[in-house]
Amino acid sequence: AQTVTQSQPEMSVQEAETVTLSCTYDTSESDYYLFWYKQPPSRQMILVIRQEAYKQQNATENRFSVNFQKAAKSFSLKISDSQLGDAAMYFCAYRRMDSNYQLIWGAGTKLIIKP
Amino acid sequence: DGGITQSPKYLFRKEGQNVTLSCEQNLNHDAMYWYRQDPGQGLRLIYYSQIVNDFQKGDIAEGYSVSREKKESFPLTVTSAQKNPTAFYLCASKRGFMNTEAFFGQGTRLTVV
Numbered sequence: 620a621q622t623v624t625q626s627q628p629e630m631s632v633q634e635a636e637t638v639t640l641s642c643t644y645d646t647s648e649s650d651y652y653l654f655w656y657k658q659p660p661s662r663q664m665i666l667v668i669r670q671e672a673y674k675q676q677n678a679t680e681n682r683f684s685v686n687f688q689k690a691a692k693s694f695s696l697k698i699s700d701s702q703l704g705d706a707a708m709y710f711c712a713y714r715r716m717d718s719n720y721q722l723i724w725g726a727g728t729k730l731i732i733k734p
Numbered sequence: 002d003g004g005i006t007q008s009p010k011y012l013f014r015k016e017g018q019n020v021t022l023s024c025e026q027n028l029n030h031d032a033m034y035w036y037r038q039d040p041g042q043g044l045r046l047i048y049y050s051q052i053v054n055d056f057q058k059g060d061i062a063e064g065y066s067v068s069r070e071k072k073e074s075f076p077l078t079v080t081s082a083q084k085n086p087t088a089f090y091l092c093a094s095k096r097g098f099m100n101t102e103a104f105f106g107q108g109t110r111l112t113v114v
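Protein sequences appear in the order of chains A and B.
620 is the number of the first residue of the first sequence in our numbering; add one for each residue after it.
2 is the number of the first residue of the second sequence in our numbering; add one for each residue after it.
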């Protein structure tokens with residue numbers, strides 16, 4: 620069975636600095652998707668970034684980038700130039716490429732931004 | 002604006018009562034999902050539906066029921082058989098099999114009193 624682990628329940632970073640959130644996963648599949656979702660205090664889940672496992676290039680979305688290490692089954696999220704609006708819960712999620720429904724979620728990391 | 006609307010935002014239920022959580026989307030998405038979120042845990046799938054009049058159990062379907070009579074609507078009923086219903090419930094939708102991104106509603110916080 621696939622699992623997703625986020626080992627950092629909480630992280631804090633000074634505004635304008637860079638922070639990296641960790642995520643590891645376990646799967647025997649070779650093709651899959653990985654996601655980072657953000658859940659701000661409003662509780663709505665917002666997609667931050669996604670990575671297809673067959674792509675070697677790390678995904679980037681503005682200040683957000685990932686370090687995808689397929690062999691190590693690691694998928695960390697780097698947030699550059701942290702802003703107060705980045706404060707939220709961040710969830711890492713996995714989905715098999717042939718699955719329409721089964722998102723496997725990590726327990727989340729609470730990110731605190733210090734002004 | 003297109004999106005997913007969940008209502009109500011907060012819901013209180015007495016022991017032994019059934020309650021229904023609403024989820025409506027105007028994104029023309031085929032697939033819809035219900036998740037449960039508890040503190041310190043990731044989301045867990047309750048039910049999902051890929052087309053109208055069809056739905057499948059997820060990992061924690063016991064004590065819940067759903068219907069999908071319209072493409073836009075996927076209500077979740079929390080029955081009295083659900084032993085620990087107090088939680089945050091999130092509804093999501095996706096365009097279809099090939100589309101990878103799920104869009105989420107703002108959630109409903111259910112509390113048993």
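Don't read these hints as lab results, they were simulated from the structure.
Quick caveat: nothing in here was measured; it's all calculated off a predicted structure.
By construction, the Cβ of each residue, glycine as well, lies at the ideal position given by its N, Cα and C atoms.
You may find that some hints are simply not true.
What the hints assert, rightly or not - Below, a sample of chain B positions facing chain A; criterion: calculated Cβ distance under 8 Å:
| hint | residue |
| --- | --- |
| 1 | G43 |
| 2 | L44 |
| 3 | F105 |
| 4 | Q107 |
As the list claims (entries may be wrong) - Restraint-style ranges between C-beta atoms, simulated for each label pair:
| hint | chain 1 | residue 1 | chain 2 | residue 2 | range |
| --- | --- | --- | --- | --- | --- |
| 5 | A | Q702 | B | K10 | 36 to 46 Å |
| 6 | B | P40 | A | K733 | 41 to 51 Å |
| 7 | B | K84 | A | P734 | 34 to 44 Å |
| 8 | A | T637 | B | T78 | 38 to 48 Å |
| 9 | A | A690 | B | V114 | 49 to 59 Å |
| 10 | A | I665 | B | P40 | 17 to 27 Å |
| 11 | A | S626 | B | G17 | 34 to 44 Å |
| 12 | B | T87 | A | S631 | 41 to 51 Å |
| 13 | B | S68 | A | P734 | 39 to 49 Å |
| 14 | B | E70 | A | K733 | 41 to 51 Å |
| 15 | A | L703 | B | I52 | 34 to 44 Å |
As the list claims (entries may be wrong) - Non-contacting residues of chain B with respect to chain A, defined by C-beta distances greater than 10 Å in every case (computed):
| hint | residue |
| --- | --- |
| 16 | K15 |
| 17 | E16 |
| 18 | T21 |
| 19 | N29 |
| 20 | Q42 |
Check your understanding: So does A690 of chain A sit 49 to 59 Å from V114 of chain B, Cβ to Cβ?
Key -> holds, 50 Å
Practice item. Mind verifying the non-interface call on N29 of chain B? Its CB should be farther than 10 Å from each CB in chain A. Key: Answer for N29 of chain B: holds, closest chain A Cβ roughly 16 Å.
Exercise for review: Indicate whether the distance between the beta carbons of T87 of chain B and S631 of chain A respects the range 41 to 51 Å.
Suggested key: Violated - the Cβ-Cβ distance for T87 of chain B and S631 of chain A, about 29 Å, lies outside 41 to 51 Å.
Check your understanding: Does F105 of chain B meet its interface restraint, that is, does its C-beta lie within less than 8 Å of any C-beta in chain A?
Key -> The hint holds - F105 of chain B has a Cβ within 8 Å of chain A, the shortest such distance being about 4 Å.
Review point. Are all beta-carbon distances from Q42 of chain B to chain A longer than 10 Å?
Key: With a cut-off of 10 Å, Q42 of chain B comes too close to chain A, as the shortest Cβ separation is near 6 Å.
**Study point:** Hint status (Cβ of Q107 of chain B to nearest Cβ of chain A, threshold 8 Å)
**Key:** With a closest approach of 5 Å, the Q107 of chain B hint holds.
**Study point:** T78 of chain B and T637 of chain A - C-beta distance against the hinted 38 to 48 Å
**Key:** holds, 45 Å
Check your understanding: Do I665 of chain A and P40 of chain B keep their Cβ atoms within the hinted range of 17 to 27 Å?
Key -> Roughly 20 Å apart at Cβ, these two residues keep to the hinted range, so it holds.
Point to revise | Consistency of beta-carbon spacing, I52 of chain B to L703 of chain A, with hint 34 to 44 Å | key: Between L703 of chain A and I52 of chain B, where Cβ atoms are some 42 Å apart, the hint holds.
Practice item. Mind checking the hinted window 41 to 51 Å against the Cβ distance between P40 of chain B and K733 of chain A? Key: violated, 23 Å
Check your understanding: Has the hinted range 36 to 46 Å been met by the Cβ atoms of Q702 of chain A and K10 of chain B?
Key -> violated, 26 Å
Exercise for review: May I ask you to test the hint 34 to 44 Å on the CB atoms belonging to S626 of chain A and G17 of chain B?
Suggested key: holds, 40 Å
The structure fails to meet hints 5, 6, 12, 20 from the earlier list, while all remaining hints are met.
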